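Construct the entire structure; sequences and hints are all you get.
Chains as they are written, first to last, in the working numbering: chain A, 4 to 349; chain B, 4 to 349.
In short, the hints are calculated from the structure, not lab data.
Everything numeric in this text was worked out from a predicted model, so none of it was measured.
Among these hints, one or two may not hold up.
Since the list gives no way to pick one copy over another, a pair counts as held whenever it fits inside one copy or between any two copies.
Heads up, simulated SDA-like pairs for lysine to any residue below, C-alpha to C-alpha not over 20 Å straight-line [said to hold, decoys possible]:
#1 119 to 50
#2 300 to 250
#3 45 to 238
#4 119 to 55
#5 119 to 58
#6 300 to 276
#7 300 to 60
#8 300 to 277
#9 300 to 279
#10 45 to 178
#11 300 to 275
There are 2 protein chains.
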Amino acid sequence: MDKDGQMARGRATAEMVARQANVSRVAVSRAFNSHTSLKPEKRELILRIAQELNYTPDRAARALVSGRTHLIGVIVPDVCSYWESQEIDALTTALQNEGFATLLFKTRSDFSMDEKLLAYMRGFNPDSVIAFMENVRPSTLVRFLDRAVPIYVHYPHPDAEDDGEDGPLYDRLNVLQHGGIDQAVALLQGYNTRRIVYLSGAVKSRSNVAREKMLRTVMAARGLPPPRVVIGDYSYDTAYAATIDLFRVGDGADAIFASNDVSAFGVIDALRHELGLRVPEDVKVVGFDDIAQSHWKSYDLTTVKFDLSERVRALVRLILRRLNEPDAPALQETLHTSLVVRGTVG
Amino acid sequence: MDKDGQMARGRATAEMVARQANVSRVAVSRAFNSHTSLKPEKRELILRIAQELNYTPDRAARALVSGRTHLIGVIVPDVCSYWESQEIDALTTALQNEGFATLLFKTRSDFSMDEKLLAYMRGFNPDSVIAFMENVRPSTLVRFLDRAVPIYVHYPHPDAEDDGEDGPLYDRLNVLQHGGIDQAVALLQGYNTRRIVYLSGAVKSRSNVAREKMLRTVMAARGLPPPRVVIGDYSYDTAYAATIDLFRVGDGADAIFASNDVSAFGVIDALRHELGLRVPEDVKVVGFDDIAQSHWKSYDLTTVKFDLSERVRALVRLILRRLNEPDAPALQETLHTSLVVRGTVG
DNA sequence: ACCGAGAATGAACACGTTTTCACTTCGCGT
DNA sequence: ACGCGAAGTGAAAACGTGTTCATTCTCGGT
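Printed below as a string of structure tokens:
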């Protein structure tokens, strides 16, 4: 493969395909970007030859002129965190199907701002950014990404401070926590559960704030006293220690709402293996997320779930729409939660 | 920012920096790629102005001329799989520190070849590829990636069929399974355990083959009869069902070697919650990997571990070396395993 | 004051596309 | 036969950088 098209650097170029097919290089470009007119038989010939030569338009060159890299930056504090790994997994599949690819970055695990990382990521020119940084305001984020379209991922209700007069300033995915939490509280109420404790996640994170707030609202609406709050950080180990502390030093509880499934596992293990209590007979436990492990027999956790695939579909829809119409008004989609009843309650 | 440097598309260009600093555009390029000579004060001025303008060399343009994208393709069947998510996490951090970024792709979950995906990934021109595709030979993989340098990730011993006369044909990371497995078998032998069962992973996967083979070798060397083999696929659910089947229909066992930690969890849960057996009193269980959940109280798993961070360091070292010296002879590094003793044995 | 070597500099080209803009060809109605 | 839009075509200009090569500058030694 070195007679006239030099096959430099190992990849075929549009020039070679053109020569082989007796067409101009422009025709080759047109064959791949269908929106301009080109005689059908010609396109067919070009595509066949391209296939033969294993040719694909070079993405760097394409990005240079079009300004689109087809990369979606994903910033995440911890890939191992089960919920997030599930989301990354689904997201990668979905983006792949739409001609994009996931560009993964890791940030500090406290959900806070990381200017250094953001600048670094910006250098790769992602077309859009999905940030798992719950403590950062969108307006702060957007200042560091001039060209990219940021989608700020979080779970709570719309945040008034980030809204303009005519609605939200940025595309947003909202999760209405009400449904699942209300079902859970109703279920507990049915068992005459009295002392309900909320084990928090990372205190300042938006999802944690939203979950606690909604829990208070729901309990008040049902005529229950507000829950006691124990500080956690979404991790197994902290939940484990906090639970022991709650029962050894504190007043104990009849039911514990954990801010996510992983910390619910910590709660359950502390109750059973350290405190000698039974779940659900002595203490009932509810989690958030419904990750894959929640149905494992050792835990069999009752938890507040929302549909992951639905969420990812919505997210990809938002991203694609924004890329096609950069100046369209900000959009938001709303998802709902529901309760998955398993063995840790009832 | 539109007086002469037009700030097109939102990003500053080298041209603008040059104009602002009264230098030629070439000088700006030199200031960023230090290997050519440039008056120090000039470089300083340029870098200062660049910072002011928030300028970074465009990676697409840079890739176009240099042929380097600084992207490392990572192909993985399942991001949620805990061991792999841990590896992706560590890898992303390490690559980030070296000026690269992780480009994530998802493939079929049976570890087999996926030409479609490979062609798709090739389109993004990654500088190197890390593939979690244990059923695919490196030689097959390399056929689909003309320019990229593939690193084939697997756990077993060197595979003779992929070696040339003067050693291995490709860079490789080998894991010597012997240490941890031998310790585990010795421990079981100490308890006079007789009927040992190996619960396989995905049957054709290299890591599974290597683990089973080494288990046989070690047991033979210690004068034990070969283990019975039960078919699994690395998943919790399959392990759960297979264990029930083993005890209800089959002969049962005194100890079960699970091919990874997740399936060990499935084994434990089936024994305790479905078959009413005690672990470790009635049946002992050993896993592979030592993922984060293995120390959780519900499982407290004894398992064969090797150092993840050491592994990732070695991997990154291999990649960087290959990028700097594309024609250097193939290199291999070897890692060792050890046993982490917890509650499921003894 | 002069020469020469090495450092510093900038013009021009290369990288592989997409897009614009004239130009040619084609088919069809009068 | 003529004209006239529409469809098809290719030359040339971007896109933003790295690199080569010839030129200019600097400075120490005679």
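When Cα atoms must be at most 20 Å apart, do residue 300 and residue 275 count as within-copy, between-copy, both, or neither? This pair counts as both: shortest intra-copy Cα distance 14 Å, inter-copy 9 Å.
Intra/inter-copy verdict for residue 300 and residue 277 if alpha-carbon distance must be at most 20 Å: So residue 300 and residue 277 pass the 20 Å test inside a copy (19 Å) and across (9 Å) alike.
Regarding residue 45 and residue 178, is the shortest C-alpha distance of 20 Å or less found within a copy, between copies, in both, or in neither? neither (50 Å within a copy, 53 Å between copies)
Given a CA cutoff of 20 Å, do residue 300 and residue 279 count as a within-copy pair, a between-copy pair, both, or neither? Both. Shortest intra-copy (18 Å) and inter-copy (13 Å) distances satisfy the 20 Å Cα cut-off.
Is it within a copy, between copies, both, or neither that the alpha carbon of residue 119 lies no farther than 20 Å from that of residue 58? Answer is between: at 14 Å across copies they meet the 20 Å cutoff, but 37 Å inside does not.
When no copy is specified for residue 119 and residue 50, does a C-alpha distance of 20 Å or less occur within a copy, between copies, both, or neither? Intra 43 Å, inter 17 Å, cutoff 20 Å: inter-copy only.
As a check of your reading, is residue 300 near residue 250 (CA-CA no more than 20 Å) within one copy, between copies, both or neither? Close across copies (18 Å), not inside one copy (25 Å); limit 20 Å.
What label fits residue 300 with residue 60 when the C-alpha limit is 20 Å: within, between, both, or neither? For residue 300 and residue 60, neither the intra-copy (50 Å) nor the inter-copy (53 Å) Cα distance is at most 20 Å.
My question is about residue 45 and residue 238: at a cut-off of 20 Å on alpha-carbon distance, are they close within one copy, between copies, both, or neither? For residue 45 and residue 238, the Cα distance exceeds 20 Å both inside one copy (60 Å) and across copies (50 Å).
Checking an output row: residue 119 and residue 55, CA cutoff 20 Å. Within, between, both or neither? between (44 Å within a copy, 15 Å between copies)
How would you label the pair residue 300, residue 276 (within, between, both, or neither) given a Cα cut-off of 20 Å? Classified as both; 15 Å inside a copy, 7 Å across copies.
Checked against the numbered hints given earlier, this structure breaks hints 3, 7, 10; the rest are met.
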